[in-house]
Amino acid sequence: MARERQRFRIGKSIDFIVGSIKVLVVNGREIGVARLRNGELRGVMNRCPHKGAPICQGIISGVWNASAPGELEFDENRDVLVCPWHGFQYDLGTGTEVCWKGASRLRMYTIEEGDGEVFVFI
Amino acid sequence: MREHLRVGPRRLIPNTSSATFDTHGIDGAVLNCFDVGGLLSAQSSTEESIVLAAAYNDYFIEEWLSVDRRLKYAPAVPTQDPASSAAEVRRIGRHPQVVAVFIPLVNVLMGHRYYWPIYEACIELALPIYVHVTGIENIFTGTPTLAMGVADSYIERYAAVPQVGMASVASLILSGTLEKFPKLKFIFAEYGFLWLPSLFYRLDRTWRGLRHEVPWVRKAPTEYLHERFLFTTQPCDEPDDPKDLVTLISMLGPDLLCFSTDYPHWDNDMPAGTLQMLPPEVRKAVFYDNAARVLRL
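Residue numbers (my numbering), protein chains in the order written: chain A, 5 to 126; chain B, 602 to 898.
There is no bait here: all hints are sound.
Rough simulated footprint, nothing fancy, chain A against chain B, three-plus residues with beta-carbon under 8 angstroms:
1) 774 to 786
2) 806 to 817
Pairs of lysine-lysine, DSSO-like flavour, derived with a Cα cap of 30 angstroms:
3) A:Lys-55 to A:Lys-26
4) B:Lys-820 to B:Lys-781
5) B:Lys-784 to B:Lys-820
6) A:Lys-105 to B:Lys-781
7) B:Lys-885 to B:Lys-844
8) B:Lys-784 to A:Lys-105
9) B:Lys-885 to B:Lys-820
10) A:Lys-105 to A:Lys-55
11) B:Lys-820 to A:Lys-105
12) B:Lys-820 to A:Lys-55
13) A:Lys-26 to A:Lys-105
14) A:Lys-16 to A:Lys-26
What the hints contain is simulated information worked out from the structure, not anything from laboratory work.
In this text the structure is predicted, and so the values were computed from the model without any measurement.
We put the beta carbon where it would ideally sit given N, CA and C, even for glycine.
Put together the whole structure using the sequences plus the hints.
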């Protein structure tokens, strides 16, 4: 039987700014909360699935799309979290690694936002 | 001295090849002239290399391919001049027993656009690229260089030659050349294959972190490896325990290998004794299916 998730208040809406990730300790867990370019919030465990790095110390970037040889095409509309250790890239919209087909994804937490308040479910 | 010479490998000459096929149950063999590789890549002038390539190719087509249809051929191109190489592919590439094109490598990475005219001609004729050690790497100017200088001995150079295979495979993938030529396939002969796990574990891991450098690499390097490459088995670098080789080939995937002998060269693998420990389905892939899939048969 699944454990019932608990709801924690983690701040005000204005605390979370597009393009940055704020690391909070909630109920003993380090959770990074980022605001995407489309305004949605995402909560992720501060641990890279690759080697356990504190991934929320990385940058939020766009992504270099697959292009023809020798051509560069930067998609700035995607929100990609780049691990500070080995550079692995994860799409904050879905939690999946940008290019790898294998099982590799961020641990995501549900975020709720309303009336200027932000909550996380653990 | 004469006795010593007589114990060397018996030369396979055109008029004995049919009997050899029948005796050993061989459905087909690809001929590749070793000598011409060195001559065309560096031991002749560019002009000479164009004439020599045509002469060698005509000789093999006339004297060998006419003997038995089971004899196939990978004609050599004068790599010093890519335009002439492409012309040579178009001149003889429609012969039904031509099954691949042999590019004697010069000191240019295989993903470089230098080779594109040759690749375009091969695509036109649905021929895979075949590269074979030329034996003069790092000796003559213009040949592929080996890491950190000139080796003191033949054995040292022989042991280092797989570097050329490693660099070539990585270059073809990372340059985007495989994306530019999505149907082109490659056969690497005599460069070994047990270095593949090391190279591709590194390539896959590094691509996941550094793909922003090469966004045209659309999928994991290992995916390109299995779709586009084949490696011949000779010289088979065998561990002491044959079971370890079975494990290593299982790690690689049996779709990557193609049996070869290097016969009648001094370091050939014996057809009756090589890779006997492999399970039957893997032997079938290595001794038949993989070659049939990649060569233009």
